[in-house]
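K.L.:
Mapping of the sequence shown onto UniProt numbering: residues 1 to 647, in sequence order.
These are calculated hints, taken from the structure and not from any lab test.
A hint or two may mislead.
Computed Cβ-Cβ distance ranges for the label pairs, DEER-style [stated by the list, open to error]:
#, residue 1, residue 2, range
1, Leu126, Glu247, 40 to 48 Å
2, Glu279, Leu352, 19 to 27 Å
3, Pro243, Ala76, 20 to 28 Å
4, Asp278, Ala443, 38 to 46 Å
5, Thr67, Asp135, 25 to 33 Å
6, Gly52, Leu481, 17 to 25 Å
7, Gly170, Ala275, 19 to 27 Å
8, Pro374, Pro483, 26 to 34 Å
9, Asp167, Leu256, 32 to 40 Å
10, Leu256, Pro385, 33 to 41 Å
11, Leu6, Thr366, 36 to 44 Å
12, Arg10, Asp545, 52 to 60 Å
13, Thr73, Trp539, 19 to 27 Å
Predicted model only: the values in this text are computed from it and were never measured.
Ideal placement from N, C-alpha and C gives every residue a C-beta, glycine not left out.
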Amino acid sequence: MLGFVLRRLRGQLALAASVLFTVLIATTVLTTLVAFDRTVAEAGLRRNLDGGSRVGLLLTADHGLDTRAADDTGAAALGAQLFDGLPVTAQSLARSRSYGLPGQAGPAREVDLAVLASLDRSRVRLTAGQWPTADAGDAVQTAVPQSVLPRLGLAADKLPAQVALSDRYGGAPLTVRITGVYQVADRDSPYWRLDPLGGREIQVRGFTTYGPMLVDDGVFTAGRLPQGSRSTLLTADFSTVDPEHFERVRARAGHLQELAKQYSPGLQPQTELPALLDELYSATLVAKSSLLIGALQLAVLAAAALLLVVHLVADRQSRENALLVSRGATRRRLAGWTATEALLLALPAAVLAPLLTGPLLRLLTTRGPLAGLPLEHTDTAVRWPVAAVCALACVLLAALPTVLRRDSERVVTRRQAVVSTMARSGADLTLLALAVVAYQQLAARTGGLSADSAGQLGIDPVLVAAPTLALCAGTLLVLRLLPFAARLGARLAARGHGLGPALGGWQLARRPGRANGPVLLLVLAVATGVLALGQHAAWRDSQHDQADFASAGGLRIQGSALPRSARAAGTRRCPAATGCCPSPHSTSGSPARSAAGSCSPTPPAPPPNCTSGPTCSTAGRWARCSGRWPSSSRPACGCPASPPGST
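Start from the sequences and build out the full structure, keeping to the hints where you can.
P.N.:
Okay, here's the thing in structure tokens:
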């Protein structure tokens, strides 16, 4: 039988090649889309979970040195349980209790405080002096931030210097020896969540707190300085996380308080990780629903193209099949031959589609918005089954027209024809009703997601299938109107004087069914393109709206290292800026209130038509329009000489 099937395919080589390439393209595109969905979800999760202050888990406790080992063990157990085996980095910071600074202004003034902490020296830079050590002596060696020196009346070139700190709990004063001055290397680093001051050196909350003063951790472990509290920051390495691992971590993060009580009692957890994971879960569902909508439309378009080519093959084989039937071939045997032909044509697609998925994914990352995104998909357990399912679906679609043609060749009565027509009309109306209902549901929502009875967010199949149902219903409506349009076109062409249009219109009106395939494919292709453009435009507008919301419509930064005459030109050269307006203003005293002091009015709100890009890396800093502009120096960006509402 295989030789007979191969001879049949060789007799119509052009059509067989068309079927083969159609199946190959459809299978490759759908397999690549599924792999892209999974790969881009993994890349997005890893990028959003790579560092950041919201990823870490901060554990704090007002424990002394005697519980340090137990606290470390509990923190490690909690991290291993919460992050489900991911590599976890633990950073700890021991702090003393608050000490009073010397040199208060008077008895009515609150005492200024200072805290000593064992900061990680890789997180700071030494700007003067030397690092403190844990050497035994009368004074505890420490390094202080620059803002503490003026408060103590010291200078960097006068170090080292000894300072006595008062004990707020009535104990003996603590003598510290300031050996150096440090500066925070990166204040935005998640490490500074360990510091209650956040690396800002000064905190004003009832009391003014300076510091922390950097000390060696040996002064705590040796008992020279009492440990007042200790914080531990747990950060997991999400560089290898996949969607399944992400789901497990998200489920455990929802019960963080219970896990903390079980594995690390006495430690208070503080983190934004559960909220971040929920946000990423919602974003992943939105991305999956968007890709699923496009995949359904591409699947319908591929099925239409395959059916068109298979219909041409079936027309070519109709006389040959009739001859085989007259010689004793059964309909089952004809269906088997057709299925074998389709299987031979789909087999290359099932083999080549998974192999082409990797190069196509790498091609997507060479340019465009995905440039540089790691989309290496090595999970063959996803590609090969998807390619096999797509190829099998193509086999069924390829064999279906021949089987249906065998049934349609039976002689039917007039009553059976009427019943068949009514059944087709009922199916058309059903599809149209489903499309209308799905469109109404989609119009009432903002996407393809919905919550179930338990409140869990998920992908709604009705909302996801709504665009595809509308696409199919519109295409079917065009096909049903095609015979009427063909007859109308034939009448209009017959009234003309040209022979070609008249013959074309007559041929189309005589057998409008032959044009159904090309018209179906054309309408589906055009409608799919229109839907894709609309989806892209909506996505682009959404990204712009989110960017405007994140940047508050622009950025206003005061101060610049550039000369005043060069600030406007320097900031306009930044490629991230869409508009930039320098706003010079000065504080002047009021003559009527010269005895009481100067008056510094608040500048009015900036005009809404002056914005700047969210980021810039120039030597100066951004400035937005605010305040008045002299009429002689009207800005070039279009801002009014006076802000709206001013007089």
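K.L.:
Now look at each hint and say whether the structure bears it out.
P.N.:
Hint by hint, here is what the structure shows:
At roughly 45 Å, the beta carbons of Leu126 and Glu247 sit within the given window of 40 to 48 Å. Range check, Glu279 to Leu352: Cβ separation about 39 Å, and the 19 to 27 Å hint is violated. Restraint check, Pro243 to Ala76: a C-beta distance of roughly 26 Å satisfies the suggested window 20 to 28 Å. Remark: the range hint 38 to 46 Å for Asp278 to Ala443 is contradicted by a beta-carbon distance near 27 Å.
Against the hinted window of 25 to 33 Å, the Cβ-Cβ separation of Thr67 and Asp135 comes to about 27 Å, which satisfies the hint. Our hint of 17 to 25 Å for Gly52 and Leu481 is violated, since their Cβ atoms are close to 56 Å apart. Distance hint for Gly170 and Ala275: a CB-CB separation of about 43 Å, inconsistent with the stated range 19 to 27 Å. In this structure the hint that Pro374 and Pro483 lie 26 to 34 Å apart at CB is violated, the actual value being about 53 Å.
Distance hint check: the CB atoms of Asp167 and Leu256 are about 37 Å apart, consistent with the given range 32 to 40 Å. Separation of Leu256 from Pro385 is about 36 Å and conforms to the stated range, judged on CB atoms against 33 to 41 Å. For Leu6 and Thr366, the hinted distance range of 36 to 44 Å is satisfied, since their beta carbons lie about 40 Å from each other. Taking the beta carbon of each, Arg10 and Asp545 are about 58 Å apart, inside 52 to 60 Å as hinted.
In this structure, Thr73 and Trp539 break the distance hint of 19 to 27 Å, their C-beta atoms being roughly 48 Å apart.
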